[in-house]
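Given the structure of chain D, go ahead and fit chain W onto it with the hints provided.
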Amino acid sequence: MSDKVMFMQGNEAIVRGAIAAGANFYAGYPITPSSEIAEKASELLPLCGGVYMQMEDELSSMTAVEGSTLAGARSFTATSGLGFSMMQEHIGHAVMCEVPCVIVDVQRGGPATGLATKPAQGDVMQARWGTNSDHSIITLAPASVEECYELAIKAFHLAYRFRTPVIILSDASVAHMVENVRLRTPKPEELPASRDPQCDPSEYLPHRFDPDHPATLAAFGSKYIYHMVSSTHDETGLAKTTPDVSDRLVHYLWDKIENHAEEIAYTKEYEMEDAEIVLISFGCSARSARGAMEKLRAQGVKAGVLQLQTIWPFPVKAVQKALAQAKLAVVPELNLGQLYSEVQRYNVEGRKVISVTKVRGELITPDEIIKAIEEVK
Amino acid sequence: MYTWKDYVGYDRLPHIWCSGCGNGIIFNALGQALEKMQLPLEKVVIVSGSGCFAKIVNYPGVNTVKMLHGRVLSGATGIAMANPELTVFALMGDGDGTTIGGNHLIHAARRNINVTAILGNNYNYGMTGGQYSGTTPEGSITATSRYGLVEDGFDACKLVEAAGASYVARTTAYDVLELQKMIIEATEKPGFAFIDVLAACPTHYGRLNKMGTPAEQMLKIKEGTVPVAKAAKMSPEELKGKLLTGKLVDRNDREDYAVLYAKMAKEARGE
Chain D
209 MSDKVMFMQG NEAIVRGAIA AGANFYAGYP ITPSSEIAEK ASELLPLCGG
259 VYMQMEDELS SMTAVEGSTL AGARSFTATS GLGFSMMQEH IGHAVMCEVP
309 CVIVDVQRGG PATGLATKPA QGDVMQARWG TNSDHSIITL APASVEECYE
359 LAIKAFHLAY RFRTPVIILS DASVAHMVEN VRLRTPKPEE LPASRDPQCD
409 PSEYLPHRFD PDHPATLAAF GSKYIYHMVS STHDETGLAK TTPDVSDRLV
459 HYLWDKIENH AEEIAYTKEY EMEDAEIVLI SFGCSARSAR GAMEKLRAQG
509 VKAGVLQLQT IWPFPVKAVQ KALAQAKLAV VPELNLGQLY SEVQRYNVEG
559 RKVISVTKVR GELITPDEII KAIEEVK
Chain W
36 MYTWKDYVGY DRLPHIWCSG CGNGIIFNAL GQALEKMQLP LEKVVIVSGS
86 GCFAKIVNYP GVNTVKMLHG RVLSGATGIA MANPELTVFA LMGDGDGTTI
136 GGNHLIHAAR RNINVTAILG NNYNYGMTGG QYSGTTPEGS ITATSRYGLV
186 EDGFDACKLV EAAGASYVAR TTAYDVLELQ KMIIEATEKP GFAFIDVLAA
236 CPTHYGRLNK MGTPAEQMLK IKEGTVPVAK AAKMSPEELK GKLLTGKLVD
286 RNDREDYAVL YAKMAKEARG E
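Residue numbers (our numbering), protein chains in the order written: chain D, 209 to 585; chain W, 36 to 306.
Just chain D, with the same shape it has in the complex (with noise of 0.2 Å):
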């Protein structure tokens, strides 16, 4: 039988992929322009036996999300702006206890307020790094509908293959656009593994700091009795706060995503082997990166696009690949050009790359994106 196709906006696509991915827990506090998710997963999951909570404040909105994880659920939810600053205080802690979860941000224009209906690409480095102190995260950014459904399975797998939040980074473009959508059923080994550690239950530790095997997370009410502290503690799950203990998870935690980049690296090249003039963007600002190269392919000049769909860890090498064959890079994004300092960093060869930004809370046009091309010829 051939997948259902639907026509559909970005938020309503998240909620369907992350249902197909076994996702039957949302707990959430409505913000604009990410609202619909938690509309949705309101409607949807009581059908299919989930359950959706309306939490009193961000903060206890991914407490619950966690709280609901380790007693076997599998959860998300779904913010924007101010809210996505009041889940990092427990984002911090679902990376310390290792609870795999995913949490959408909807981006908007900021800061503070800001412009609560309009589309902006500012949160590229508070995914990254805006929970407390040293630690690793994955981020990946959708650019269509498609990719909103599609990017909420792969998150679900991310989060279980590495007991790790992980953010999809949409913005308020994509999330109200509306596009088809084929709603296909994930394959088995697209699914987050099982939960049932194997051992025997006296052998069972929640943690396993061996950065390519992250020990299996037992649900609260199987036979596996755990503990879970977010101080610092050994793989017992307890607390333990020893230098050397420290040392071990703090590197554990970074290890663990940091070595397997290129296995999460998920990227898109448009029109890339002969390019010479090469556009990297991710989410809305990919799609004027997309049209820019339309029409300069149009007029013979060799365009091509990487979308970075993965945000976080950076996907280095194919980035300086792109980088290595361009005559000159360019990089469009809703914000003052965090991707761009991103881009930089990894720039070793000292390619020409140039920054185009926006803040207007208005998507960047192709013409802009040729016209700062067309400046630095």
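Accuracy of the hints is not assured; some may be wrong.
The list that follows gives simulated cross-link-like pairs (lysine-lysine, BS3-like), each with its CA atoms no further than 27 Å apart [what the hints assert, rightly or not]:
id : chain 1 : residue 1 : chain 2 : residue 2
1  : D       : Lys448    : D       : Lys476
2  : D       : Lys579    : D       : Lys566
3  : W       : Lys301    : D       : Lys212
4  : D       : Lys431    : W       : Lys90
5  : W       : Lys255    : W       : Lys216
6  : D       : Lys448    : W       : Lys78
7  : W       : Lys78     : D       : Lys431
8  : D       : Lys212    : D       : Lys448
9  : D       : Lys448    : W       : Lys216
10 : D       : Lys431    : W       : Lys255
One-sided excerpt, in silico: chain D residues whose CB lies under 7 Å from chain W [said to hold, decoys possible]:
id : residue
11 : Pro254
12 : Val259
13 : Ser268
14 : Gly280
15 : His298
16 : His301
17 : Arg416
18 : Pro419
19 : Thr424
20 : Ile433
21 : Val437
22 : Glu443
23 : Leu446
Hint data in this document are derived by calculation from the structure and do not stem from the laboratory.
Just so you know, these numbers come straight off a predicted model, no measurement behind them.
Note that CB positions come from ideal geometry on N, CA and C, so glycine has one too.
Frame of chain D; chain W shown alone:
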């Protein structure tokens, strides 16, 4: 058969709390209560946050999770809703429970989430050196109110009663047998149950407010309370400055959130 030692995680003791602190007394009462109820170890979850009382998660033989400061009840809410078969205890100091987490206290009670919340209420933040909290009485000397506290603490039991809790009770760490009984009642009560346990902090609050030895402090705290039955016969003047102890609320007119949610969902599915 499980014994209290199985529940408290006897092999991981001694605990870190100071002599005379109420936390150890509450922990013991919880262990004794669990022994009487004989709940399977794997079906019990203890949730805590930050501060002295929160360190409790390092000992028990049941599941435990330490959330961040104030987020005890929101974490417990997620656990209770994801698996309604679990018995969930939220153990909080007055910081976690009534101050930084005060908003969650209102809404856990309002939703009538099936969680048993125990407040180890010692009128200050012991872990950070004895600063005042949301329950510290006016005029108290603390590490951040050296000249006497200008704010007044609030009655957490009245708050959760107004917000809709099914069960509300108060006792002191002196009345350990009453506390055990309350823990059993609260655990067996569907919906949100709240026990406010008034306790001494001899290291900070009691010392700074010249309350005497730890034993004298426990007695002084008890003397500041009146059992609810006795209070019914007392005048407002006689009750001034006193906190009521005993079972304050025991409602049966509302089902707990998980039950109501499951009913709604079943209806939505047309079952």
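Outcome of the hint check:
1. Restraint check for Lys448 of chain D and Lys476 of chain D: not satisfied, since their Cα atoms lie roughly 43 Å apart, outside the 27 Å limit.
2. Between Lys579 of chain D and Lys566 of chain D the alpha-carbon distance is near 14 Å, which keeps this suggested pair within the 27 Å criterion.
3. Taking the CA atoms of Lys301 of chain W and Lys212 of chain D, the gap is about 26 Å. The hint holds against a cut of 27 Å.
4. Between Lys431 of chain D and Lys90 of chain W, the direct Cα distance comes to roughly 24 Å. Compliance with the 27 Å bound is thereby established for this hinted pair.
5. At most 27 Å may separate the alpha-carbon atoms for a hinted pair to count; Lys255 of chain W and Lys216 of chain W meet this at roughly 22 Å.
6. Distance hint between Lys448 of chain D and Lys78 of chain W is fulfilled; the C-alpha atoms sit about 25 Å from each other, no more than 27 Å.
7. Note on Lys78 of chain W and Lys431 of chain D: the hinted pairing holds, with a Cα-Cα distance of about 9 Å set against a maximum of 27 Å.
8. About 51 Å separates the Cα atoms of Lys212 of chain D and Lys448 of chain D, which puts this hinted pair outside 27 Å; it is violated.
9. A distance of roughly 34 Å separates the Cα atoms of Lys448 of chain D and Lys216 of chain W; the hinted pair therefore is violated under the 27 Å criterion.
10. Our distance criterion of 27 Å between C-alpha atoms is broken by Lys431 of chain D and Lys255 of chain W, whose separation comes to about 45 Å.
11. Annotation: Pro254 of chain D was flagged as interfacial toward chain W, and the flag holds, the nearest CB pair being 4 Å apart, inside 7 Å.
12. The closest approach between the C-beta of Val259 of chain D and any C-beta of chain W is roughly 5 Å, which is under the 7 Å cut-off, so the hint is satisfied.
13. The restraint placing Ser268 of chain D at the interface with chain W holds, with a minimum CB-CB distance near 3 Å, inside the 7 Å limit.
14. Interface restraint check for Gly280 of chain D: the shortest CB-CB distance to chain W comes to about 6 Å, inside 7 Å, so the restraint holds.
15. Against a cut-off of 7 Å between C-beta atoms, the interface hint on His298 of chain D holds, since the closest Cβ of chain W lies about 6 Å away.
16. The beta carbon of His301 of chain D comes within 5 Å of a beta carbon in chain W, closer than 7 Å, and the hint placing it at the interface holds.
17. The beta carbon of Arg416 of chain D comes no nearer than 18 Å to any beta carbon in chain W, farther than 7 Å, and the hint placing it at the interface is violated.
18. Taking 7 Å as the C-beta cut-off, the interface hint given for Pro419 of chain D is violated, the closest approach to chain W being about 24 Å.
19. A hinted interface residue such as Thr424 of chain D counts as satisfied when its beta carbon comes closer than 7 Å to some beta carbon of chain W; here the least separation is about 16 Å, so the hint is violated.
20. Given hint, Ile433 of chain D at the interface with chain W, holds; its Cβ is 5 Å from that chain's nearest Cβ, closer than 7 Å.
21. Hint on Val437 of chain D holds. Least Cβ distance to chain W is approximately 4 Å, under the 7 Å limit.
22. Hint on Glu443 of chain D is violated. Least Cβ distance to chain W is approximately 15 Å, over the 7 Å limit.
23. Proximity of Leu446 of chain D to chain W holds as hinted, the smallest CB-CB distance being about 5 Å (cut-off 7 Å).
This entry does not satisfy hints 1, 8, 9, 10, 17, 18, 19 and 22, going by the numbered hints stated previously.
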